[in-house]
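**Q** Here the protein sequences come in this chain order: Z and E.
Residues 1 to 112, numbered by the working numbering, are exactly what the first sequence covers, in order.
Residues 1001 to 1109, numbered by the working numbering, are exactly what the second sequence covers, in order.
No lab work stands behind these hints, which were simulated from the structure alone.
Be aware that a few hints might be false.
Here are some chain E residues pointing at chain Z (derived, C-beta under 10 angstroms) [claimed, not checked]:
| no. | residue |
| --- | --- |
| 1 | Gly1016 |
| 2 | Phe1018 |
| 3 | Asn1022 |
| 4 | Ser1024 |
| 5 | Val1027 |
| 6 | Gly1028 |
| 7 | Phe1047 |
| 8 | Ser1090 |
| 9 | Lys1096 |
| 10 | Thr1101 |
| 11 | Thr1106 |
Once the Cα atoms are required to be at most 30 angstroms apart in a straight line, the calculated DSS-like pairs of lysine-lysine come out as [stated by the list, open to error]:
| no. | chain 1 | residue 1 | chain 2 | residue 2 |
| --- | --- | --- | --- | --- |
| 12 | E | Lys1068 | E | Lys1054 |
| 13 | E | Lys1054 | E | Lys1096 |
| 14 | Z | Lys57 | Z | Lys14 |
| 15 | Z | Lys9 | Z | Lys71 |
| 16 | Z | Lys57 | Z | Lys71 |
| 17 | Z | Lys70 | E | Lys1068 |
| 18 | Z | Lys57 | Z | Lys70 |
| 19 | E | Lys1053 | Z | Lys57 |
| 20 | E | Lys1055 | E | Lys1096 |
| 21 | E | Lys1068 | E | Lys1055 |
| 22 | Z | Lys57 | E | Lys1096 |
| 23 | Z | Lys9 | Z | Lys70 |
| 24 | Z | Lys71 | E | Lys1096 |
| 25 | E | Lys1096 | E | Lys1053 |
| 26 | Z | Lys9 | E | Lys1096 |
Heads up, the beta-carbon is just placed ideally off N, CA and C, and yes, glycines get one too.
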Amino acid sequence: NAGVTQTPKFRVLKTGQSMTLLCAQDMNHEYMYWYRQDPGMGLRLIHYSVGEGTTAKGEVPDGYNVSRLKKQNFLLGLESAAPSQTSVYFCASSGDGNQPQHFGDGTRLSIL
Amino acid sequence: KNEVEQSPQNLTAQEGEFITINCSYSVGISALHWLQQHPGGGIVSLFMLSSGKKKHGRLIATINIQEKHSSLHITASHPRDSAVYICAVSYFGNEKLTFGTGTRLTIIP
């Protein structure tokens, strides 16, 4: 049982490049989340989804876009990467908003 | 100002010691979560509680709703307990979590 799988695990980009981070879950969860984790700060919510075809903004959505075309997948896109987006990105899923979240292993992204 | 405050930020203890990590929050919540993040990054949910106390192995989580405070205790601590422990809260009618900045625990053999 894979749980929540994030790809890639590491990536280095140049400023202005674009990329997509993929999150896949095999637990049939409705809710999915994308967070970023920066030194000295708590996890911050970028975007989230409460079901297939839905997305909503979190605390720090600027510079990111998301899509939830299939229930099991939640994609996070950076259209034009900036050094301020250097961070560790975590995806999580839960059955609903009142259940514990299951996290992926994270993606370490560096923007030069 | 973070709505979820954890203390201490860092804690170093000898193997076998009883560990307490604290979390306080500012407004009423629907649930409080404790999570563990090991070096290398993976995050695991330990507890979700809205009242009273929960126990899993050597870990105990308590919450006092009136005082808006929760504690995570580790009995007979072991070096493998070394990790960052994160407190998070959810609010009624809100699908999102608000996270504390974490407590880095180091257990020395």
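**Q** For every hint, state whether the structure bears it out.
**A** Going down the list of hints, with the structure as the test:
Using the Cβ-Cβ criterion of 10 angstroms, the hint placing Gly1016 (chain E) at the interface with chain Z is not satisfied: the shortest such distance is roughly 29 angstroms. The restraint placing Phe1018 (chain E) at the interface with chain Z is violated, with a minimum CB-CB distance near 25 angstroms, outside the 10 angstroms limit. The interface hint given for Asn1022 (chain E) is broken, as the beta carbon of that residue sits about 15 angstroms from the closest beta carbon of chain Z, more than 10 angstroms. Look at Ser1024 (chain E): its Cβ only gets to about 14 angstroms from chain Z, farther than 10 angstroms, so that hint breaks.
A distance limit of 10 angstroms between C-beta atoms decides the matter here; for Val1027 (chain E) the minimum to chain Z is near 16 angstroms, and the interface restraint is violated. The criterion of a C-beta within 10 angstroms of any C-beta in chain Z is not met by Gly1028 (chain E), whose closest approach is roughly 15 angstroms, and the hint is violated. The criterion of a C-beta within 10 angstroms of any C-beta in chain Z is met by Phe1047 (chain E), whose closest approach is roughly 8 angstroms, and the hint holds. A cut of 10 angstroms between beta carbons decides the hint on Ser1090 (chain E): the least distance to chain Z is about 7 angstroms, and the hint holds.
A distance limit of 10 angstroms between C-beta atoms decides the matter here; for Lys1096 (chain E) the minimum to chain Z is near 6 angstroms, and the interface restraint holds. Annotation: Thr1101 (chain E) was flagged as interfacial toward chain Z, and the flag holds, the nearest CB pair being 5 angstroms apart, inside 10 angstroms. Checking Thr1106 (chain E) against chain Z: minimum C-beta separation of about 17 angstroms lies over 10 angstroms; hint violated. A hinted pair counts as satisfied when its Cα atoms are at most 30 angstroms apart, and Lys1068 (chain E) with Lys1054 (chain E) qualifies at roughly 17 angstroms.
Note on Lys1054 (chain E) and Lys1096 (chain E): the hinted pairing holds, with a Cα-Cα distance of about 22 angstroms set against a maximum of 30 angstroms. A threshold of 30 angstroms between alpha carbons decides the hint, and for Lys57 (chain Z) with Lys14 (chain Z) the separation of about 25 angstroms falls inside it, so the pair holds. A distance of roughly 22 angstroms separates the Cα atoms of Lys9 (chain Z) and Lys71 (chain Z); the hinted pair therefore holds under the 30 angstroms criterion. Pair hint Lys57 (chain Z) plus Lys71 (chain Z) holds up; C-alpha atoms about 18 angstroms apart against a cutoff of 30 angstroms.
Annotation: proposed proximity of Lys70 (chain Z) to Lys1068 (chain E) is violated, straight-line Cα distance about 39 angstroms (limit 30 angstroms). Note on Lys57 (chain Z) and Lys70 (chain Z): the hinted pairing holds, with a Cα-Cα distance of about 18 angstroms set against a maximum of 30 angstroms. With a CA separation close to 33 angstroms, the supplied pair Lys1053 (chain E) and Lys57 (chain Z) exceeds the 30 angstroms bound. Between Lys1055 (chain E) and Lys1096 (chain E) the CA atoms are separated by roughly 25 angstroms; this keeps the pair inside 30 angstroms, and the hint holds.
Using a Cα cut-off of 30 angstroms, the hinted pair Lys1068 (chain E) and Lys1055 (chain E) holds, with the two alpha carbons roughly 20 angstroms apart. Taken as a hint, the Lys57 (chain Z) and Lys1096 (chain E) pair is honoured in the structure, with Cα atoms around 11 angstroms apart against an allowance of 30 angstroms. Distance restraint check for Lys9 (chain Z) and Lys70 (chain Z): the Cα-Cα separation of roughly 21 angstroms lies within the 30 angstroms cut-off, and the hinted pair is therefore satisfied. Of the supplied pair hints, the one linking Lys71 (chain Z) and Lys1096 (chain E) holds, its CA atoms being roughly 18 angstroms apart against a limit of 30 angstroms.
With a C-alpha separation of about 23 angstroms, the suggested pairing of Lys1096 (chain E) with Lys1053 (chain E) holds against the 30 angstroms cut-off. At roughly 24 angstroms between alpha-carbon atoms, Lys9 (chain Z) and Lys1096 (chain E) fall within 30 angstroms of each other, so this suggested pair holds.
Violated hints, in rising order: 1, 2, 3, 4, 5, 6, 11, 17, 19; the structure is consistent with all others.
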